Amino acid sequence: MTMTPEQILAEVTQVFRQVFGNPSITVNETTEAKDIPEWDSLNHTTLIAEVEQHFRIKFSLREIMRFQNVGDMCTILRTKLGS
Amino acid sequence: MLDGVRRSCVESPDRNAFFIRDRFYSYRAFAEAICAIEDVLRNNFAEERNIGILAYDDLETYAAVFATWFAGKTMVPLGPSSPPDRNARIIEEAGVKVAFSSRSTEGLAGPLTRYGTDFVCTANLALAGAVPETRRISEDEIAYVLFTSGSTGIPKGVPISHGALQGFLDAFFALGYQIDANDRFLQMFDLTFDLSLMSYCVPLMIGACAYTVPSDGIKYTHIYRLLEEQDITCALMVPSILAHIRPFFSEISLPQMRYSLFCGEALYDDLVSEWSRCIPNALVQNVYGPTEATIFCLTYDCHRECANKTNNSIVSIGRPMQGTGVLLIDELLRPVGTGEKGELCLSGRQLTPGYWRNPEKTRDAFFLHDGHTYYRTGDICFSDPDGDLMYCGRLDHQVKIQGYRVELSEIEHHVREITGLNQIAAVTCPDAAGNTTIHLFLENYRGEIPDLIAGLKTRVPPYMIPAKIATLEAMPLNVNGKIDRPALSRRAQNPS
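Chains as they are written, first to last, in this note's numbering: chain A, 1 to 83; chain B, 1 to 496.
Rather than coming from a laboratory, the hints here were simulated on the basis of the structure. Hints are not guaranteed to be accurate.
[Said to hold, decoys possible] Take a look, some chain A residues computed to stay more than 12 Å from chain B by CB distance:
#1 ALA10
#2 THR26
#3 HIS44
[As the list claims (entries may be wrong)] Derived contacts from chain B toward chain A, CB cut-off under 10 Å, selection only:
#4 ILE218
#5 SER240
#6 ILE245
#7 GLN402
#8 ALA433
[As the list claims (entries may be wrong)] Counterexamples of contact, computed for chain A against chain B with all Cβ distances above 12 Å:
#9 THR2
#10 THR4
#11 ILE25
#12 ASN28
#13 GLU29
#14 HIS54
#15 CYS74
Predicted model, so just to flag it, every value in this text is computed and none were measured. Just so it is clear, CB atoms sit at the ideal spot from N, CA and C, and this is done for glycine as well.
All chains should be modelled from the sequences, with the hints used to inform the complete structure.
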């Protein structure tokens, strides 16, 4: 089953809320770490791990290191889930 | 140092001086930016001594640092992510009447403007020359004043002279690094952290390029990208950065890395062995030094073919660099013998003359021995028979968070002021990556934790905000009726 970009973003948002312990967080494609106070280095690592687990995929080191914003993460997710 | 930087500008104007936010900036562009800012200083602020610099990550900010020095003045960096009240305090303490910002200063209001400081925007200044003039600088002239965590809640100012800074640079080059204009240096530190000075002064003196990291966002991913995509050859880092990329070590190969230096926190031996496999052609060095002794002053070369010297798995902090003297003392200021623990004290060219406008704290921290002035670091160490120093712990409640110095009592001071509570304690606890974080315990706090955090955010920099806050009905006490901190530490690590 292929997920739409909106579905992917919605589920990523859920993971964010869970990892940061904040049910009111909203993210969009341009959201970056500096936009969310709870998003620090440690949470970043946890976030990646939780996203991987949730979507049952694995990011490579290079992919992770290139995430500048949520949009980058979703783009890679679409590639991994789409085909 | 200034001669070296000037020479780089004159002799290699087309070489890259900086790589900032995915763009290269030449020595020519850097020199022109310095001249433009120096012009402003000379024409409008000739009598001012201490110049504030909002520490953003761009060419104009670095140019402002050097413009300040070429104009014969002292730079006082101000962290943009520090709370405005804290910066306002620094501005007042250091008498900063003019400050440079690479961003628009329109509408700058609040605590920062309380002292009447002139904020000058350095973006789009008129060109004023191609290369800064040579300057004779006397050794005693203060190059910078950096403010560090103060246990009573007020940041302590550490002035460092050009003589001390040159002392560090002379000692650094005397270590014999094989580096030249083709090397690529990582500059990962806030400009309010003195480790940044090594990271940018060294490459600029030799015509090399400094690759900087933005102060916001996730540092370790930016750093890793630079290391890999830009083929960094020399990197000074804090160990906590490595702790974040450790899960990926098996995928990391950086054969171009030649010098990997660590400072600011205890360096663990297992981290060094694993990291060494990622950088097979590099010398890994553990370097040590408080802000009071300019950047760092002890070094230890790590080994590949045999075990490193360690104490409690922490790699040795090594031996003094050229121009630095070392003494280990007991509580009565008497030297201790080889193998005996004592407080590490430092003397020599790299020392600060004393805390900024704080004779009391200076008296407490410095003493005379055998005709030399020594600074008491508060670090407990012992010397092995070869003269290599092994770190054992602290005398007080100072800890390192991401390499930054944090007085736990400073955090407690602010918490007391905000909550009115007395029975509180901040202890440390390693996080999942193994890095030190702060856990705050409060006895019977009836308020809202988010309010406490919000209050702290107006007083202390982000790295001093506790990672976890817990209220207890009663604090554990030791036999002396004092708060049992070890018990709290254990509780932090094993919450039931």
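Now the hints, each set against the structure:
no. : hint   : verdict
1   : ALA10  : holds (23 Å)
2   : THR26  : holds (18 Å)
3   : HIS44  : violated (5 Å)
4   : ILE218 : holds (5 Å)
5   : SER240 : holds (8 Å)
6   : ILE245 : holds (8 Å)
7   : GLN402 : holds (8 Å)
8   : ALA433 : holds (6 Å)
9   : THR2   : holds (29 Å)
10  : THR4   : holds (28 Å)
11  : ILE25  : holds (15 Å)
12  : ASN28  : holds (17 Å)
13  : GLU29  : holds (16 Å)
14  : HIS54  : holds (18 Å)
15  : CYS74  : holds (17 Å)
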